[in-house]
Amino acid sequence: MKKMKLVVVGNGMAGMRAVEELLKIAPDLYDITVFGAEPHPNYNRILLSPVLAGEQTIDQIILNPLSWYAQHGITLHAGRKVTAIDRIQRVVVADDGTSAAYDRLLMATGSNPFVLPVPGRDLDGVIAYRDIADTHAMIDAAARHRHAVVIGGGLLGLEAANGLKLRGMDVTVVHIMPWLMERQLDAEASHLLQRSLEQRGLKFLIGAQTAELLGDAAGRVRAVRFKDGREIAAELVVMAAGIRPNTELAERTGLLCNRGIVVSDTMQTITDPRIYAVGECAAHRGIAYGLVAPLFEQGKVCATQLAQFGIGRYAGSQTSTKLKVTGIDLFSAGDFMGGDGTEEIVLSDPIGGVYKKLVIRDDKLVGACLYGDTVDGSWYFKLLREARPIGELRDRLMFGESNIGDVGHEGHNRAAAMADADEVCGCNGVSKGAICKAIKSKGLFTLEEVRKHTKASASCGSCTGLVEQLLMFTAGGDYSKAPAKKAMCGCTDCSHQEAREAIREEHLLTIDSVYQRLAWRTPNGCSSCRPAINYYLISTWPKEARDDPQSRFINERSHANIQKDGTYSVVPRMWGGETSADELRRIADVVDKYRIPTVKVTGGQRIDLLGVKKEDLVHVWRDIGMPSGHAYAKALRTVKTCVGSEWCRFGTQDSTQMGKDLERALWRMYAPHKVKLAVSGCPRNCAEAGIKDVGVIGVDSGWELYIAGNGGIKTEVAQFFVKVKTAAEVLEYSGAFLQLYREEGWYLERTVHYVGRVGIEHVKKKVLEDAANRKALWERLQFALDGEPDPWFEHAKAQVDLRQFAPLAPAVTA
Amino acid sequence: MNARSTIWQAVCRVDDIAPLGARRIAREQGLGVAVFRGAGDRVFALLDRCPHKGGPLSQGIVFGDSVACPLHNWTLSLVDGQAKAPDVGCAVSFACKVEGDTVYLDADELAHKALDVTAPVAGPRAKSTC
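In the order they appear, the protein sequences are chains A and B.
Residue 814, in the numbering used here, is where the first sequence stops; the numbers in between run on with no holes.
Residue 130, in the numbering used here, is where the second sequence stops; the numbers in between run on with no holes.
Don't read these hints as lab results, they were simulated from the structure.
Cβ coordinates follow ideal geometry from the N, Cα and C atoms, glycine included.
Accuracy of the hints is not assured; some may be wrong.
What the hints assert, rightly or not - DSBU-like cross-link-like pairs, simulated, lysine-lysine; straight-line CA separation at most 30 Å:
no.: 1; chain 1: B; residue 1: Lys127; chain 2: A; residue 2: Lys613
no.: 2; chain 1: A; residue 1: Lys797; chain 2: A; residue 2: Lys766
no.: 3; chain 1: A; residue 1: Lys543; chain 2: A; residue 2: Lys593
no.: 4; chain 1: A; residue 1: Lys382; chain 2: A; residue 2: Lys766
no.: 5; chain 1: B; residue 1: Lys84; chain 2: A; residue 2: Lys3
no.: 6; chain 1: A; residue 1: Lys442; chain 2: B; residue 2: Lys84
no.: 7; chain 1: A; residue 1: Lys437; chain 2: B; residue 2: Lys53
no.: 8; chain 1: A; residue 1: Lys437; chain 2: B; residue 2: Lys127
no.: 9; chain 1: A; residue 1: Lys766; chain 2: A; residue 2: Lys725
no.: 10; chain 1: B; residue 1: Lys53; chain 2: A; residue 2: Lys455
Unchecked claim - A few chain A residues that don't get close to chain B, going by computed Cβ distances all over 12 Å:
no.: 11; residue: Glu344
no.: 12; residue: Val354
no.: 13; residue: Gly400
no.: 14; residue: Gly611
no.: 15; residue: Pro807
Unchecked claim - Rough simulated footprint, nothing fancy, chain A against chain B, three-plus residues with beta-carbon under 8 Å:
no.: 16; segment: 19-30
no.: 17; segment: 52-59
no.: 18; segment: 93-99
no.: 19; segment: 118-126
Next up, chain B with everything else stripped away, as it sits in the complex (with noise of 0.2 Å):
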């Protein structure tokens, strides 16, 4: 299947994400795919999922290459998801690449890649499942 070329599918113009800001991206199976526009409008796209406690990383402050979880503050690299250091960890990254003024994912990715990750639950559905 490598030997296949990947088919890049449009999923947003570059300008419908915030200057250093996120858009999420529904799947239509498993979590959502958070994509950034960082400095310069480098363009990137991560799982959003932090891997410490599964926050939402296009809810993030995103600056240089970088986006800081919402949750406790985890420093996650744009570029390949791992953590700063100390923290230990990588959020699943897609393949992502921008021509003229849109944004494309690998399509392959968008509907197979980590399909098997949860998000966190809350609240008293948190408690019944348990």
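The shape of chain A in the complex, shown without the other chains (with noise of 0.2 Å):
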């Protein structure tokens, strides 16, 4: 079949993102031909202003170099400019003749700088701040002349001001409005900022109105004349008083434009659904979006809608600013202004140059606006972005991130302040300078980009916050976050939480069906979103969904823990932490007998055998004769419990028989990560009931109840969830709340996660406040658990496959 042909008009960042994203998940698809006005391959715009400080060169900044189309078969008209577009023919025309034809077209057309209309603006030296070309003649004309004007005192006039402050020039802004970067920032972080930058040399002219622009005898200007007849010298002047789309061709076109090119959801055009529009030119809701994580997005929803997916949808973006002066620290974000129906909460060190406003709305923030301190930006953008209410937050919420525990490895949540020798990912021990060279040198954008590359918190993930900051230093301002809604891996767009709330309401059985419902790109899955899928599957639809012990990762298919060597460890059941000596002379024979190496008593009551063959599990399992301690699973782990009032003489409750009643009603419960329990018999808490998910503690009166703690990487005390007087309620409690996480968590998420993710306000909806529906979830957890096998004895029901315990040994032949 003969391939569809793209035309791209535009070779920019929007443009290129489209089209990288298309042949990532199409590449056969199309003939691509691209239109660029500029001679140059697709560079990153944003990194102009430090290439023009002299912080990074041209070729540094280059995103896709001319063998990648080459590489990609795409045909690229560089510095040919495209002046028609004939829709009844579908030919596309450029200023030299060439010509290409379209059955699909992406307008990624991009921006014009706002020149002032005033006299003089045609002189030479008057120039906008926009591209490579814009670029060579500040750095030429910082060479040779001294002052430099730059009108409009906004994010771009600002980055460039600096930059020519920094090769030597005289610079004074101009800036019409009554404070700097007003669109970014209030007034008294805009204060500091000019304070700030007065430091370092920098003029300003605020609220002075350009009149004239006046020149020399060669033509060349020579001075800044304003309304109230002042005259400043300037053989440089700078308009960066904005942007407008360039809707030039496509109005002549006959695409409908207003403030852009109007798109829909989908990013086609109103006017021409075989036409598409994205980045600056694009007018979505009415909103034309300057800067670079929404051109991203919309790329990506433009990819699907070329190839033909027919799902993604643009919604729209929450964007936040950050400048990219070196040293000094701004950032900004949603409704930052307040007004009417918001609160504000401050912090202004005026002298120590530190100001924060966080701006809260019906008890969500809405907006943020930092100077000097945006150490947790970030932070307060995943907040704003998720809309997710901040009472509990409230009284830390200024105090950061790191106040509240989410970022991890205390003591290193300053990621400007690090030296490039700090490790940043203790896991996969990557350092500071090794993520901010490969986020430079390969041109990274995004997370997920980082986490490939670098491997920095690809792991535990602890540091993401970290390595976030450091894109945001590095990559600058407005780099691509993670969206809210992530897809769950690279096979799908789909999100965890769209997966499940799919296979619940449309009954989905299978994996096929829902690889198929959800329009996955691969046939069947990858090892990070079979093994989700099987598990919401099965705790959907337990006795129903069929468990698929290949869709399992090897430990909950061989029911023991890999070892580094290839070797296993098996840990049996003991509840509540009690054994006896019969089951230790068991063991000890088993060690004796099958030579294990080493043997471990662990942190959760229990005896750890390491370094056991694959081909003696089975056999160890049966010589011990103890359940499966699922020592292996995201599953029920152990119940921790101290002696309590059996012994104890400072116990209240006997904690050690609730302990065991509770592992014996929850033991086989897979869940979306592992889950551990503890049982003290009195408040000085022996067993550590507060660092785990679900604690309970006796008390004179009944028992109390703390849930989502968390003892691994952070540590992160359990939250008290209720006091109840019996051991049958502890049951009942517990289990419901489990049940919740079971049916409502995403796989990997461990409960402190799920609670921070939901709010435990709504858990203590749904557990608490209504009975009946705490009731039903106990009923459905026992319904799901009922019958369920122990893998190490029940083989066949288990599906555990015993093959694989023995290697092949094929006969040698001759």
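Hints given; two lone chains; assemble the complex.
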């Protein structure tokens, strides 16, 4: 079949990102032709400021070299501007007569700088700040002239002014509005910024209105005159008074434009369904975005549409801003001005140069404006995008994420202050320097890309916040943050939540049906989505959906824990951490018989046998004769107990018995992640119930339940949940909470993260306030666990493939 | 020796391997060979050792024409053993064919290929050897 033809008008970041996304999912669908007005391959426009400032070179900011176009069979017409589109014949024509026919057309013409309509704007030395040519002109002027005036004190203008100053010019910024960066900062933060820039030698004329640019005899600009008659010298005038979507061609072509080319949620133009538009030239729901993150999101959606999947929808973006002036930290997002119906939390330290304002409406963070200390910018932005109620965080909100304990490694939360050699990711041993280098040299934009290339934050994820900060510092303020709706993996655009909902609502029972219904891009998923989908199926439809062992990690297939040399560890279950001489004798005999090299007491009050050969596993289980401890599974692990009132002179409750009862009620329970419980017999809490998924503490009058604690990567103290009187209630409330987690949690999400995501109020509503729902949850859990096999003994029922335990030994041929 | 035609040795039937699963074939000498049954019953063979830290690939999750190593989730192509970018490395691959319902490996490779590669060690043994 002949390929369809895709023509892209515009060789900038938005257009090429859409093409890259398209190549990822449908590499062979189109013959692609790209027209670019600039004579360069695609480069990172955001990083022009560091180039101007002399911190990077043009070569460093190229995103796709010419070889990339060749490699993907893309025809690139660089330096050729498209001047006409014939929508009837479906042909585009460039200024040099080059033409290309299309089946689909992607408009990515970007924007034009707004040039003040004042006399003298055509003089030599008057330039806008938009592309490589402008940047070169500025660098050139800085080498030969002394006075520069930048018109416009917005983001771009200040970056230009800073760059020119660093190149030795005497720079004055003219700004007509009452304060600098009024679209990103409030007056207080702006004054701090201005003072800091003044200390670097920049001059400001705030509120000044430019009347005329005056030229010399040679036709070069020599001065700027203002409405009030003042004049200042200027051999270089940079217009940075804003940008306008470049819709000239689109308008001539008859596409509806209104502050940009009007597109629908599929990024198709309203006028012509064969024509798409992305980036700064597109107006989506009345907004033309000028930052990179939304452009990337648009590119992704557009690619799924071009690939004929027809599933992507763009619903608009929240944006944030950061100034790329080295040494100045500034961040703003959302409605940072506040006003009617909003509340503000403000921290102001003008001497220390720190100002923070958080704007709250209806218990949600709606805006943030930070100056001087922007470490928590990405965290605030996340809260803002997720629109999560901040009630419980409010007291501590101002003090940042590290104060909440969400960032991990205490004291390592100031990315900017770290030395290059400092370790960011403890799991994979990745230093700050290695991450920054990869971001710069490979042009990485997203957290996902950094993970793939450096492995940083790819394991436990506790340094995710830190890596995001490094991305902000290194790639520029508006790198593409992982969107709030995160795809499960590269096989799909579907989020965990969407997959769970589809399985429940449409009563899906097999992995294949899920993949088909949700348009998976791979025939049988990958090692990350398949175990998740398998878990969602069996937890949503117990006794109906059939477990698929091949979609489980090896530990849950061999029912033991793989070690670094390929041997396994075996942890038999000891109810409530109690054992007997008989059990210990059997364990000792097994250790001797199978020559098990290491025997270790675990933190969960059990015994771990390490270095068991896979061939021996079934025999070891049989000889020990104790139930599976599930120490290898995303399932109930241990219920740790103290000795309690049976022996302890302080004990108020029989915690050991309670623990045993809980363990017997909950074992064989698979969950999104591992689940650990503990029961203490008095508030001295010897069983360490404060850092467990469910912690139970006996008090004189009953039991206190705590949930969502965690002793792992980040120690999280469990939150008080409820106080109950009887052991039966402990079972019912604990079970109901865990069932809710089983039904709503995302795969590999511990209870602490699950509760963090949905909010403890939600859990209380479902389990505490609604007695009928609590009982229903508890019954559903019991139904799911009823008759579940012990995989160490009921092999067939648990679908344990016994063939795996013996290697194949082919007969030797001569 | 290249002139000699390949002697194919039967190692198992396709059905001895679970769909999207793998089996390990013990060898007289050297590490075992992992045989995989990928999508569409395509069968592949690699040395049972990940180029990263020596994980047993026969224990990994199989998807498409790939396997994810059970130790650190490197993804390796079953076709040629190459690690998926940005990881860099290559597992030793073995010639393999299916005729009827029987899986065959090259007898010469089975007997002689990659005999020098050793398995990773752990536990007290690892300490005493270094």
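Status of the hints after comparison with the structure:
Between Lys127(B) and Lys613(A), the direct Cα distance comes to roughly 19 Å. Compliance with the 30 Å bound is thereby established for this hinted pair. For the given pair, Lys797(A) sits about 33 Å from Lys766(A) by alpha-carbon distance, which is inconsistent with the 30 Å threshold. Taken as a hint, the Lys543(A) and Lys593(A) pair is broken in the structure, with Cα atoms around 39 Å apart against an allowance of 30 Å. In summary, the hint linking Lys382(A) to Lys766(A) is supported, as the alpha carbons are separated by about 26 Å, within the 30 Å threshold.
Distance hint between Lys84(B) and Lys3(A) is fulfilled; the C-alpha atoms sit about 28 Å from each other, no more than 30 Å. Distance hint between Lys442(A) and Lys84(B) is fulfilled; the C-alpha atoms sit about 17 Å from each other, no more than 30 Å. Pair hint Lys437(A) plus Lys53(B) holds up; C-alpha atoms about 25 Å apart against a cutoff of 30 Å. Simply put, Lys437(A) and Lys127(B) have alpha-carbon atoms about 36 Å apart, too far for the 30 Å limit, and the pair is violated.
Of the supplied pair hints, the one linking Lys766(A) and Lys725(A) holds, its CA atoms being roughly 20 Å apart against a limit of 30 Å. A threshold of 30 Å between alpha carbons decides the hint, and for Lys53(B) with Lys455(A) the separation of about 15 Å falls inside it, so the pair holds. The beta carbon of Glu344(A) sits about 44 Å from the closest Cβ of chain B, which is more than 12 Å, so the claim that it is off the interface holds. The non-interface label for Val354(A) is consistent with chain B: the shortest C-beta to C-beta separation is roughly 38 Å, beyond 12 Å.
Listed as outside the interface, Gly400(A) is consistent with that label: its C-beta sits roughly 32 Å from the nearest C-beta of chain B, beyond the 12 Å cut-off. Against the 12 Å criterion, Gly611(A) falls within the reach of chain B, whose nearest CB is about 5 Å from its own CB. Interface exclusion of Pro807(A) from chain B breaks down, the closest Cβ pair being 4 Å apart, not more than 12 Å. For the segment 19-30 of chain B, the stated coverage by chain A holds: 8 residues have a C-beta nearer than 8 Å to a C-beta of that chain, and at least 3 were required.
Requiring three or more residues with a Cβ within less than 8 Å of a Cβ of chain A, the coverage given for the segment 52-59 of chain B holds, as 5 such residues are present. Counting residues of the segment 93-99 of chain B whose beta carbon lies closer than 8 Å to any beta carbon of chain A gives 0, which falls below the threshold of three, so the coverage claim is violated. Residues of the segment 118-126 of chain B with a Cβ under 8 Å from some Cβ of chain A number 8, which satisfies the need for three, so the listed coverage holds.
Checked against the numbered hints above, the structure breaks hints 2, 3, 8, 14, 15, 18 and satisfies the rest.
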